[in-house]
Structure formats: structure tokens, C-alpha cells
Amino acid sequence: MVSGLHKSYGSTHALDGLDLEVATGEVHGFLGPNGAGKSTTIRVLLGLLRGDAGDVSLLGGDPWHDAAKLHRRLAYVPGDVNLWPNLTGGEVIDLLGRLRGGLDEKKRDDLLRRFDLDPTKKGRTYSKGNRQKVALVAALASDVELLILDEPTSGLDPLMEEVFRQVIEEERARDGDRTVLLSSHILSEVEALCDRVSIIRRGKVVETGTLSDLRHLTRTSIHAELTASPNGLAQLPGVHDLDVEGNRVRCEVDTAQLDAVMRQLSASGIKSLVAQPPTLEELFLRHYDGDLEPEAAVR
Amino acid sequence: MNDFVGTGTLVRLALRRDRILIPIWIVVFVMSAAGSAKASIDLYSDQNALVEAARTSNASPALVSLYGRIFDESSLGEVSLFKLTAFGALLVGLLGGMLVVRHSRSEEESGRLELLSAGVLGRYAALAAALIVSGATAIVLGLLTALSLMGSGLDTKGSFAFGLMWAAAGLAFAGVGAVTAQVTESARAANGLTAIVLGVSYVLRAIGDSSADGSTQWVSWLSPIGWSQQVRAYAGDRWVVLLLPVVFLALMVAAAIALIQRRDVGAGLVRPRPGPPRGAASLRSPLALAWRLHRGSLFAWGFGFLLLGLLVGNIASNVDGFVTSDSAKEMVQKLGGVEGITDAFLATELGIMGLLASAFGIQAALRLRSEETALRAEPLLATGVTRAQWLGSHVVMALFGTAVLILVAGLGSGVSSGASLGNMGRQVPRMLAGAAVQLPAIWLVTGLVVLLFGLAPKLVTGGWALYGLFLLIGQFGELFNLPQWMIDLSPYGHTPRLPGGEFSATPVLWLTAIAAALTLTGFVTFRRRDIG
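Protein sequence lines, in the order shown, are assigned to chains A and B.
Numbering of the first sequence is given in our numbering, commencing with residue 7 and proceeding in unit increments.
Numbering of the second sequence is given in our numbering, commencing with residue 1365 and proceeding in unit increments.
To be clear, the hints were calculated from the coordinates, so they are not data collected in a lab.
The beta-carbon is built from N, C-alpha and C at its ideal position, and this holds for glycine as well.
There could be a bad hint or two in this list.
[What the hints assert, rightly or not] Below, in silico cross-link-like pairs of lysine-lysine (DSSO-like), each with a Cα-Cα straight-line distance of 30 Å or less:
| id | chain 1 | residue 1 | chain 2 | residue 2 |
| --- | --- | --- | --- | --- |
| 1 | A | K75 | A | K113 |
| 2 | B | K1822 | A | K75 |
| 3 | A | K112 | A | K134 |
| 4 | B | K1402 | B | K1447 |
| 5 | A | K112 | A | K128 |
| 6 | A | K134 | B | K1822 |
[Unchecked claim] Ranges of calculated distance between the beta carbons of each label pair, as one might list FRET restraints:
| id | chain 1 | residue 1 | chain 2 | residue 2 | range |
| --- | --- | --- | --- | --- | --- |
| 7 | B | P1641 | A | L165 | 20 to 28 Å |
| 8 | A | D58 | B | L1407 | 33 to 41 Å |
| 9 | A | L264 | B | R1380 | 54 to 62 Å |
| 10 | B | D1367 | A | D58 | 52 to 60 Å |
| 11 | B | S1734 | A | D115 | 31 to 39 Å |
| 12 | B | D1367 | A | D149 | 51 to 59 Å |
Work out the full structure: start from the sequences and follow the hints.
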């Protein structure tokens, strides 16, 4: 989809050789803190910005030259939704849908109901969350090949976040020709919804793969109570932060070395065991730990 | 006093935000007053020439309805500044009203005020701060103007009367802004309401001034701008009249406070009603959306233009009432008799309406930029809409809207002047033609905005600056003895003066060609640039 993309504003390099590939039919998470370049990438993909260098292709076309033609096949939800003050939400949904080439009436009504959105209110009277819902309904009710969602749940309450997740799950369950690019800084959302994830940092994609691929690169944390004091754990490769207190053991284990460590532990007799799988959060922290400004959105 | 807690902080914040804007406005006003005085003093070294100029002006219905009467034809100060009395008061009033809206309603609409209200902030603090900033600006502007006029060599008393008269106009319309800011939820609508009040005030005083037999002179007293004229700076200096705008301000502030007590933060007095849950079947193109966005303001402007046209046409039938003195009669003969002078009056008024219609065009074209920066262009451009279609939708509204406005004004003035002169069949087409020839210059100015939008979007509000420059060149170019090439820069100077004048196609075609070139370049450059 994108390779070696560069984009700079004056002296700031917003994108610094970004590569991103999204396969047809998958839900792809695009993960990174504020200011990492997610929105810039998306806006290049939409032909709103022109990259300084690199190749970009979208649905088999050039997003800059074939913008309007390609846009009929996709729907976009911006991170910051502003509506026209004197148009109602319903009017905006219909307008955007028609400009895209039509929307599914049944789905429109269903989504309005599920998102609990009043379509008769004027744009200026909606709260941020409700403006976001208007854009979501307009996009999700369109029958398009590609959904580009830029932090789509910002401003939604937890109940509505759940509705959003369900809707995306349903999309994923459908016969797999609908592709979703979901940018987010909310890890649990990406973890719950995405088939593959790309992590962006300072205008570069630093990690990309399926969640299980990525998990492989992380550590599982283990708390165990043994019948005897453990031997030889410290000598095993892939064991970190080992903390032994009598018969209790805490450690972090490289997921690839899990098998060897478990054998060693069970040799000492396991009374109780808690193993925590790696979360995306840890993965994320590994890439951002300590080298970013404090506003990096790590929750 | 709890209701006013935090006013000081807000005043400092407002002054910090406007630390460039306010001084620039003040300098522009002070310089135009001083420059106008200086140029006139040089021009009228001879007392007879002064009186002659004053008489000519008072005998011209176009000038009287536009600027007002000269009360003392032998007063150097008044003759120098009469063009800036009512007109200047209008602009100072605009500044005063907009500053109040900017620091009260705009802040509330954007939600910034809510952020501050969560801290310690009294209920009236925002309005009080806005009024203090606006009032102080008006007073400083007035005093500096007075000093600069004295510096140009005019007498002290008159100079202070003039400066304070301007300040008082600023105060009066600050009061209007305080009320409109409570009535509507959007700053745009509040500014629109203020502008309507300003327009009505200006028209009321024009009616009063144009009264040939004095029977409708009292109408001027209904208008805050009429009060500014009645201060009669350099022609008697009636200080008492200055109390009128001050009392008016107090009443307006009392009304605004009463309104604040009845509403919630963020709400206006006019509550928005729910609208249709579905988009009308016609709402399916960028042009349909642009029509929705512009139609409200186009209807309001169109109504104003129709009234203005009817009024102007009506005044035209009284033209011979102005011609009373012998010297004026002689002059009228030179200018081609009563019909000649009526036509000249109507042509001037159509020119003014062309200037006003351009303001609509600029504002409509600037909508492009505000849609872009408010991130409302992005979702549209992410659909099947091409950039040219989106840009075109607003450009069409600007071009079409200005055409509607000027033609409505032409029609109105044609009908009313035709009815009173008894030759409707001739007058209507003449006035429509006179209105239509204004369009190329109007479209050229709109084209400049489109070009800036494509080429240098951050500078797009420079469109107003260019417009202001053209206005100044037109109003004062000859007075300031500017070189001809500079005077020629203003597109309005090339518009044929119809009815009555000679029509020549060359300048009209040139203006149209330049307007088209500017607009097209705007399209091409917009297609190549980044959005946002």
C-alpha cells in the first residue's frame, strides 16, 4: 500500500520513510501515540496531502491522481469531526453517503438505533461524541470496499465504544472483502478488533505483523509457587527480572523460551501458577519506553 | 461583585490576543483622518474654493445621501472631514460591535469560555471584559484621532468633538454587539445582526439627510450614526449630543444583562429547533450543499439590496429639490440638466452597491478557507467529490450571489425611480444595465480571493485588505494626488458609469478576462496543494 513514504512540513519530518501494507479483507490496526504520523499517513492515502517521496497505492490506484474515483470505493471517518452548524445529523449522513455513491438504508436505520443518535439535531448542538457518531454512521452504512477510520472512538463513551466494536466484528465476520484500516492509540481496541497491526513511531513503522507474531517477540510474566526452591532458572536463556523468595518465583520469560522454563519449574513441583500473556501494551511500551515526550499516549 | 470575578484576567487575555489587531485598526483610522485633513488643507488654501466645494457637495444628492450634509460651508475642518463623519462612524461602529462579539460570543461558541468558566469566573465577566476592551479601543482611537487632527492644523475644540464623536459611535455599537451576542448562538450570526443594525442606521441617516424640504429630517435622529453627524464637529461642536450614544450604550448593556440572566452558558435566546431527520432528495451534490450554506446570508443581503435600491431610486426623483441656489443651478446646467444630474446620482449609487456586493462575494469566497480550516472540507473531499467540484461550488455561489444582489438593487432602483419619474419602461432596463456593468469588477475582486485561496491559503484574508485598498484609492486617490497608475489599480475605477455615462466595452471585457484568469489560476493552484 505504502512504501518509503516521506512527508515534511518545513523542518519537521512528519513521515520518514514509512512502509505500510494492508491486505484486502483484513482489519489492520495502525497504532501509535499522538503526533507519530498516523493522520498524516491517512491523509496522504486519501490524496489530501501529497507525499514528498515514496510510492503510495490505494485499491490499485494512485490516491493523488485518481482521488475522486478511488473515494467512491472507500469511506473515511476523520479523528476530528466538524459538522455544518445548520445541517442536521441526518442530512449530513445522507449527503456524505450520496456523494460516495449511495448508502444502505436498512443499515443506516439500524446504526442510528444502535448508536442511539438523534438525526434531527443541528450540527452545532451535537457534542463531540455525537458528531463522531454521525461520521461513523455515514461511513459504516456505505457499501464500500475500504473503511479508513482515524481514531474513530475518540469522544465516544464506553457503551458506544462497545457498540463500535460489535459493528466492526460483524464487518469482519462478513465474507471477507471489506478491508478496514483502523488508526488508534487505544491498545485494547486494536487488540480486540485487528487481524494485523502496524506500530508507527516518529514517522516510521517499527513493527508489523499479526498479533501472535508480535506476541512472540514479547515476554510472558510468570508468578509461581513451588514445592521446593527452584534451581538453575537464572542460567536459562530468555529469563529476565528473576525474583526468588523462598519457594516463590516471579520472572519475565521470552515467549519463545517458555517451554524450557516451564520444564524447569515443574521439575521443582508447581503448587500454583499464574502466567500472564503479553499485552499489546507491553509491546507498545517496549518501542516507546523512555525515548518519547511525556504526551505519548500510553495508557 | 461576584458576578464580575475574573473580568481583569479576561481583559488581559483579550488584549494579549488582539495586541496586533487593535493597534492596526487604531492606526488606520488615525492616519485616514489626519491624511484627509492634511490633503484638504493643502487643497483649499483659498476660502472661496472651500465654500465652492462645500456648496457643490451639498447640491449633489449622491454625496449628501452617501456622506451627509455640510452644516457650515465655510468651516475648513468640516469640509475636510465630512466624508469621514458618518462613514467613519459606521466603520468605528463596526469595529466596536465586532470586538464585543469576538470576545464574548465567539469565545463562548468555541467552548474556550467554558474552559475558563470552570475556574473562577463571574456570570458577567466575559461581557464586561469584552465591553471594556471595545470601549477602551474606541476611546483611545477617538483621542488619538483628535490629537492627530490638531497636529494637522485644525482647531482644538473641533478636533476633540470629531474624535469623541467617533469614539461615541464605537461605544454605541459596542452596546449593540453586547445585545446581539446574547441573542444568537453563533458569532457569525451575532456579527450579521450587528451589521444589519449598522446598515439600517446608515440608511436612516441617509433618508434624513436626503430630505430636500426638511420634512423627514427627524429620521436621522433615530440613528446612532445620525447622532454622530449632529455633534457637528467644526460647525458648532454640540457636545450635549455626545450624551445620546452614551445613554444608548447604558440601555443596551442593561438589556444584555437582562438577557444573560435568562439563558445558559453556550445557549442563545433563539433556541435551535430540530430539523429534518433525512437529507432532502436534492441534497446530493457539492453545489446543493454550498447553496444550503450560503442561501441564508444571500436572502438577507438580497432583501437589504432590494430596500437600498428602492430607497435610492426614490431619492433620485427629489434631485431637483437640491438645486436651490443660483450657483448650483448654473452647475446643474453644466452637468447636463436635471436628467444628467439624476443619472450621475444613480450611477454613483450603483457604484456604491457594486462595492457592497463585492463584500458579499469576498465573504462567500472566504467560506472556502473557513470550511477547510474547520475540517469540513476534508470529509467531502474524501468522497467522490473532486477538488474542482468542491471549489467550484463555493465560487459559483459567490459569482451567482453577487450577480443576484446587484441586479436586485438595479431592479429596485429602476422600479422606484421609474415610478416617481413616470418612465418605468425606460428606467428599469437602464438601471439593470447600469447594475450589470458592475459585475466584472466585483468578480475580479472575488477572483483575487479564489487565487489567494489556491496559491497562499494562509494569506486569504488579505482579500479584505486588497478590497480596503481599492476603496481607499477610489475615495481618496485624487484627493491625495496619487499617481494615475495607482488609481488605475482599483478595478472599480474602470467600470463604465451608467446610466448617463458612456459605455465602452474594452474595460468591461478586460475586467472580465482578468477575473476569469484569476479564478482559473485559483482552481489550478488549489488542485496542486495540500489540504489543511
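### Satisfaction of hint between K113 of chain A and K75 of chain A, Cα-Cα up to 30 Å
24 Å, holds
#### Entry: Given pair status - K1447 of chain B, K1402 of chain B, alpha carbons within 30 Å
Holds - the C-alpha atoms of K1447 of chain B and K1402 of chain B are around 14 Å apart, at most 30 Å.
### Task
Starting from the hint 51 to 59 Å, judge whether the C-beta atoms of D1367 of chain B and D149 of chain A obey it.
Cβ of D1367 of chain B to Cβ of D149 of chain A: about 55 Å, so the range 51 to 59 Å holds.
### Query
How does the Cβ-Cβ distance of D58 of chain A and L1407 of chain B compare with 33 to 41 Å: does it lie in that range?
Check failed, 58 Å falls outside 33 to 41 Å.
### Query
Between L264 of chain A and R1380 of chain B, is the Cβ distance one that fits in 54 to 62 Å?
About 60 Å separates the Cβ atoms of L264 of chain A and R1380 of chain B, which means 54 to 62 Å holds.
#### Entry: Hinted pair K1822 of chain B and K75 of chain A, Cα distance within 30 Å
Status holds; Cα separation ~29 Å.
### Query
Is the hinted pair K112 of chain A and K134 of chain A satisfied, with a Cα-Cα distance of at most 30 Å?
25 Å, holds
### Agreement of K112 of chain A and K128 of chain A with the hint, judged by alpha carbon distance not exceeding 30 Å
At roughly 23 Å apart (the allowed maximum being 30 Å), K128 of chain A and K112 of chain A satisfy the hint.
### Query
Given the hint that K134 of chain A pairs with K1822 of chain B, does the C-alpha gap stay at or below 30 Å?
Holds: K134 of chain A and K1822 of chain B sit about 27 Å apart, inside 30 Å.
### Task
State, for the Cβ atoms of S1734 of chain B and D115 of chain A, whether the hinted interval 31 to 39 Å holds or is violated.
Holds, at about 33 Å.
### Message
Given the hint of 20 to 28 Å, is the C-beta distance from P1641 of chain B to L165 of chain A inside that range or not?
### Response
About 22 Å separates the Cβ atoms of P1641 of chain B and L165 of chain A, which means 20 to 28 Å holds.
### Message
Given the hint of 52 to 60 Å, is the C-beta distance from D1367 of chain B to D58 of chain A inside that range or not?
### Response
55 Å Cβ-Cβ, so the 52 to 60 Å window holds.
The structure fails to meet hint 8 from the earlier list, while all remaining hints are met.
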